[in-house]
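*Asks:* Protein sequences, first through last, are from chains D and Z. Those letters in the first sequence? Residues 1 to 431, per my numbering, in order. Those letters in the second sequence? Residues 1 to 431, per my numbering, in order.
Keep in mind the hints are simulated off the structure, nothing from the lab. A hint or two may mislead.
The list cannot tell twin chains apart, which means a pair is met if one copy fits it or any two copies do.
[As the list claims (entries may be wrong)] Once the Cα atoms are required to be at most 30 Å apart in a straight line, the calculated DSSO-like pairs of lysine-lysine come out as: (1) Lys39 to Lys354; (2) Lys409 to Lys338; (3) Lys119 to Lys141; (4) Lys119 to Lys413; (5) Lys413 to Lys354; (6) Lys19 to Lys64; (7) Lys380 to Lys64; (8) Lys39 to Lys64; (9) Lys141 to Lys354; (10) Lys39 to Lys19; (11) Lys380 to Lys39; (12) Lys141 to Lys19; (13) Lys354 to Lys19.
Protein chains: 2
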Amino acid sequence: MPIQIGILGLGTVGTGVVKILQQNAEAIQTRTHCEINIKGILDRDLHREREVSGDFILTDQPEKILQDPEIDIIVEVMGGIEPARTFILEAFQHGKHVVTANKDLLALHGHELLDAADKAGKELHFEASVGGGIPIIATLKESLVANRITALIGIINGTTNYILTAMADQGRDYAEVLAEAQQLGYAEADPSSDVDGLDAARKLAILSSIAFNSRVALNDVFVEGISRITREDLAYAAELGCTIKLLAIAKHQEEGIEVRVHPAILPLTHPLASVNGVYNAIFVIGDAVGETMYYGRGAGSLPTGSAIVSDVMRIVNNIQANSTSPSNCTCYLELPLKAASDFHTAFYIRLLVKDEPRVLATLALLFAEANISFASIIQKPRGHHQAEIVLVTHPCREGSLQEALDSVKAYSKVLTIQNVIRFESGQGENP
Amino acid sequence: MPIQIGILGLGTVGTGVVKILQQNAEAIQTRTHCEINIKGILDRDLHREREVSGDFILTDQPEKILQDPEIDIIVEVMGGIEPARTFILEAFQHGKHVVTANKDLLALHGHELLDAADKAGKELHFEASVGGGIPIIATLKESLVANRITALIGIINGTTNYILTAMADQGRDYAEVLAEAQQLGYAEADPSSDVDGLDAARKLAILSSIAFNSRVALNDVFVEGISRITREDLAYAAELGCTIKLLAIAKHQEEGIEVRVHPAILPLTHPLASVNGVYNAIFVIGDAVGETMYYGRGAGSLPTGSAIVSDVMRIVNNIQANSTSPSNCTCYLELPLKAASDFHTAFYIRLLVKDEPRVLATLALLFAEANISFASIIQKPRGHHQAEIVLVTHPCREGSLQEALDSVKAYSKVLTIQNVIRFESGQGENP
Chain D
1 MPIQIGILGL
11 GTVGTGVVKI
21 LQQNAEAIQT
31 RTHCEINIKG
41 ILDRDLHRER
51 EVSGDFILTD
61 QPEKILQDPE
71 IDIIVEVMGG
81 IEPARTFILE
91 AFQHGKHVVT
101 ANKDLLALHG
111 HELLDAADKA
121 GKELHFEASV
131 GGGIPIIATL
141 KESLVANRIT
151 ALIGIINGTT
161 NYILTAMADQ
171 GRDYAEVLAE
181 AQQLGYAEAD
191 PSSDVDGLDA
201 ARKLAILSSI
211 AFNSRVALND
221 VFVEGISRIT
231 REDLAYAAEL
241 GCTIKLLAIA
251 KHQEEGIEVR
261 VHPAILPLTH
271 PLASVNGVYN
281 AIFVIGDAVG
291 ETMYYGRGAG
301 SLPTGSAIVS
311 DVMRIVNNIQ
321 ANSTSPSNCT
331 CYLELPLKAA
341 SDFHTAFYIR
351 LLVKDEPRVL
361 ATLALLFAEA
371 NISFASIIQK
381 PRGHHQAEIV
391 LVTHPCREGS
401 LQEALDSVKA
411 YSKVLTIQNV
421 IRFESGQGEN
431 P
Chain Z
1 MPIQIGILGL
11 GTVGTGVVKI
21 LQQNAEAIQT
31 RTHCEINIKG
41 ILDRDLHRER
51 EVSGDFILTD
61 QPEKILQDPE
71 IDIIVEVMGG
81 IEPARTFILE
91 AFQHGKHVVT
101 ANKDLLALHG
111 HELLDAADKA
121 GKELHFEASV
131 GGGIPIIATL
141 KESLVANRIT
151 ALIGIINGTT
161 NYILTAMADQ
171 GRDYAEVLAE
181 AQQLGYAEAD
191 PSSDVDGLDA
201 ARKLAILSSI
211 AFNSRVALND
221 VFVEGISRIT
231 REDLAYAAEL
241 GCTIKLLAIA
251 KHQEEGIEVR
261 VHPAILPLTH
271 PLASVNGVYN
281 AIFVIGDAVG
291 ETMYYGRGAG
301 SLPTGSAIVS
311 DVMRIVNNIQ
321 ANSTSPSNCT
331 CYLELPLKAA
341 SDFHTAFYIR
351 LLVKDEPRVL
361 ATLALLFAEA
371 NISFASIIQK
381 PRGHHQAEIV
391 LVTHPCREGS
401 LQEALDSVKA
411 YSKVLTIQNV
421 IRFESGQGEN
431 P
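Produce the complete structure using the sequences and hints provided.
*Replies:* This is the structure we're talking about:
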C-alpha cells in the first residue's frame with residue numbers, strides 16, 4: 001500500500017518536492033520499503049503553466065486535500081501566515097502528519113502548531129524552514145542531543161551574504177550590488193525582509209528554541225540589517241584581517257540566553273568567513289562535541305525540496321515502524337533572555353573628526369569614562385582638515401558603549417559617527 | 001524506570017561517554033523523558049586509576065554485562081576486531097541494542113553485524129565510527145535520504161591533516177612534522193594506519209556503503225598514503241593556487257562507483273581547503289541538495305562521546321515510542337566498482353630532468369602518445385645542468401597516465417620522477 005501525501009502549494013518549493021519524488025521515486029521506494037504517492041496538490045490558479053505534471057489531483061479546494069482520509073502526510077509549501085496556519089491545524093485535526101518549510105509561520109506560531117501536533121499524536125517536521133537542504137534541525141534535535149549547546153552562529157540569509165560577498169570581493173557599494181542582486185533574482189523587489197535581518201531573525205528564533213530547549217519568539221531577537229555597511233567598512237575589516245557577515249548569533253551563558261542578528265566583523269580565519277555568495281552555514285558549539293559547522297545552499301527549489309522529502313520519508317519510516325507518541329515540542333525550559341544592553345562584544349567605531357591635536361586623546365578619555373579601552377586604532381587623513389578614525393574596542397557591555405557614544409556625539413570635534421559594528425570572534429566565548 | 005546501559009571498554013572514548021552521561025544527566029533526562037543509567041562497565045584492568053567514578057559495576061567478566069537482562073543498550077568502545085565482534089553478536093543474541101565507535105570492525109564485518117541486528121530486531125548505531133562528533137552517518141541515512149548522492153569527499157583522518165597543514169603553513173618536512181605530531185599525541189608511535197591512508201579507507205568504506213546503498217568493503221578502496229608528499233610539492237601546489245590534503249573520495253558515476261583515498265591537490269577556493277589541523281570535514285553532493293559540508297573535530301574523548309550518547313538517546317526514544325523493526329542494513333544495491341585504471345583525474349607530475357634543448361618537447365610527445373595534454377607547466381633550474389619540471393595534465397584516464405609514465409621513465413633525459421599527485425576539483429564532476 002503506497003503512502004499518500006497531499007501538497008499545499010505548487011510554487012518554487014512545491015515544484016521541487018514533486019520533481020524529487022518523481023525523479024528519485026525508485027531510490028525513495030527502496031529506502032523506505034514503501035511507495036510514496038502524491039495524491040493531490042492544492043493550487044490557487046488551476047490554469048497556469050507548470051513545470052511538473054503527474055497522476056495527481058490538482059485542486060483549488062483545500063478540503064479535498066485536508067479531508068481526504070487516504071492522505072497520511074500534508075506538505076505545506078504555500079508560505080505566508082494565513083491560510084497556512086489554519087490548514088496545518090486542520091490537517092492535525094484530520095489525523096495527518098505535517099511537513100512544512102514555512103519559517104514565517106513557525107517563528108510566529110510554532111508553539112501553537114507543535115502543541116496541536118502533540119495533542120493529535122502526529123508529527124510536525126520543518127527541516128526546510130532554515131538553511132534550505134542543510135540538516136541543521138535534525139542535527140540539533142538528534143545528532144547533538146547529548147550536548148549542552150553553548151553557541152550557534154549562522155549565516156542563514158543568502159541574499160545578504162551574496163551582497164556582502166560581492167561588496168567585499170569587488171569593492172563595490174551596497175546600493176549597486178543590491179540592484180544587481182535584484183536583477184539576478186537573489187534579492188526581491190522589496191528586499192527589506194532580507195536586508196533588514198528579519199528573515200534571519202525568524203530562522204534564528206526557530207534554531208535557538210531547539211538548541212536551548214527554550215522558546216525564543218521573533219520579538220526576542222535583537223535585529224539590525226546590513227544597509228549601513230559600506231565598502232569603506234569592508235576595506236577596514238580587511239585591513240584588520242577580517243570580513244563582515246550578517247550573523248545570526250545565539251549564546252547560552254550563565255545569565256541567560258542572547259539572540260541577535262546583526263552585521264559582524266569576523267576574523268578571516270574563522271570557518272564562517274569563507275562561506276560566500278548565496279551559501280549558508282551554521283556554526284554550532286556543544287559542550288561535548290566542540291566546534292562543528294554545517295554548510296550548503298540555503299534556498300532554492302531542489303535543496304529545500306531535499307529537506308522536505310527527507311522529512312516525509314522520516315514520517316513514512318515511523319508509520320511503518322508503528323512508532324507512537326511523537327514528541328514535537330522540545331521547549332522544556334524557560335531560560336531568561338539577556339537585554340541588548342548586556343550584550344558583551346568588541347566594537348568597531350568609524351568616526352569622521354576634525355584633524356586637530358588632542359582629538360584622539362579626548363576620544364580615549366570619553367571611552368575610558370565608560371570603562372572602554374581600545375585594542376587597535378587606524379587613522380587616515382581625509383582632506384579639508386578632517387581625519388577618519390577607526391577605533392576597535394576591547395570587549396565591553398553594549399550599554400557602556402552607548403553611553404560612550406553619547407559623549408562622543410556631543411564632542412564638537414567629531415563630525416560624524418559613520419558606523420558602529422560589533423565584532424564576533426566565533427569562538428563561543430565573549431572575545 | 002530508567003533505561004540501563006552497559007559499556008564495553010573504559011579507555012579514552014568510554015571515559016568520554018561516562019562523563020557526558022554524568023555531566024549532562026539532567027538535560028539528557030529532560031530530552032528523552034527518561035533516566036539513562038550506566039549499570040555496568042567492562043574493563044580488563046580493574047585496578048588502574050580512572051578519570052571517572054560512579055554508581056556502576058566495574059567488571060572484567062563480559063557476561064556480567066552482556067547477559068544482564070536489565071541492560072537494554074550495549075555501548076562498545078573497546079576497539080579492535082576481537083573480542084569486540086563476538087561481544088556485539090552476543091549482545092544481539094541477548095536482545096540488546098548496540099552502539100559502537102569501532103570503525104575497524106565495521107569496515108571488516110559491518111555486513112555481519114548489521115544482519116545480526118536486523119535478525120534480532122535490534123538497532124545498531126555507529127555515528128561515532130566516522131568523523132568523531134560530526135553527524136555524517138545520520139545525515140547520509142536520514143537528512144539527505146531523498147537524494148541520490150553523487151559524490152562524497154572527506155578529510156576524515158586528523159593525523160594526516162595535522163601533518164599536511166603544518167607542512168603547508170610552516171614549509172617543513174614530512175618526517176619532522178610527523179615526529180612532532182607523535183610527541184603531541186596527534187600521531188601514534190606506529191603511525192602507519194594513519195599516514196598510509198588505511199584509517200581513512202576504513203571510514204570511507206563505511207560512508208560510501210551508506211551513501212550509495214551498496215556494500216563497499218575495505219579491499220574495494222584504492223589507498224595511497226601521504227609519506228611521499230614533500231614540502232616542495234606543497235610549495236608548487238601553493239603556486240598553482242591549491243593545497244594538498246589526504247582526501248577520501250567516493251563518486252557514483254554511470255559506469256559504477258569509485259572509492260579512493262590518496263593525497264590530492266585541491267583548489268584553495270574549495271571549502272575543504274580551509275579545513276586545517278586535526279579538524280575533519282565531509283563534503284557531500286546530492287542531486288537535489290547540491291553541495292553541502294559537515295565540519296568538526298574528528299576524534300577525541302568528548303566529541304566521539306557526543307556521537308555515542310546521541311545514538312544511545314536515539315535508541316531510548318525509539319524504545320519509548322515502541323518503534324518496531326529497525327532497518328539497520330541499507331545496502332540494497334550491488335553497484336559495480338570502477339577499476340583504478342579507469343579513474344579519471346588531472347595529474348601533477350614532478351620530474352628532475354637534464355636541462356637540455358628539446359626535453360620538454362619530447363615529454364609533451366610522450367604524453368601525447370597516451371592522449372594526455374598539459375594544462376600548465378612550471379620549470380625551474382636546479383643547477384648542475386638539471387631542471388625541475390612540474391607538469392599539470394588535463395584530466396585523463398589513470399591507465400593512460402601509467403602508460404605515459406612508463407615511457408617517461410625510459411626516456412634518458414629524465415633523471416627522476418619525483419612525485420605524481422592527483423588533482424581533485426571537489427566539484428563532483430570529473431574536472
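*Asks:* Each hint: holds or not?
*Replies:* Here is how each hint holds up against the structure:
1. Lys39 to Lys354: neither (71 Å within a copy, 73 Å between copies)
2. Lys409 to Lys338: Within. Shortest intra-copy distance 27 Å satisfies the 30 Å Cα cut-off; inter-copy 69 Å does not.
3. Lys119 to Lys141: Intra 20 Å, inter 29 Å, cutoff 30 Å: intra and inter.
4. Lys119 to Lys413: Classified as neither; 64 Å inside a copy, 80 Å across copies.
5. Lys413 to Lys354: within (5 Å within a copy, 70 Å between copies)
6. Lys19 to Lys64: Within. Shortest intra-copy distance 22 Å satisfies the 30 Å Cα cut-off; inter-copy 53 Å does not.
7. Lys380 to Lys64: Neither, since 68 Å and 74 Å both go past 30 Å.
8. Lys39 to Lys64: The answer is within: 10 Å in one copy meets 30 Å, while 53 Å across copies does not.
9. Lys141 to Lys354: neither (54 Å within a copy, 62 Å between copies)
10. Lys39 to Lys19: within (14 Å within a copy, 49 Å between copies)
11. Lys380 to Lys39: neither (66 Å within a copy, 67 Å between copies)
12. Lys141 to Lys19: Result: close both inside a copy and across copies, 28 Å intra and 21 Å inter.
13. Lys354 to Lys19: Neither way: Lys354 and Lys19 sit 62 Å apart in one copy and 59 Å across, limit 30 Å.
Hints 1, 4, 7, 9, 11, 13 from the earlier list are contradicted by this structure; the remaining hints agree with it.
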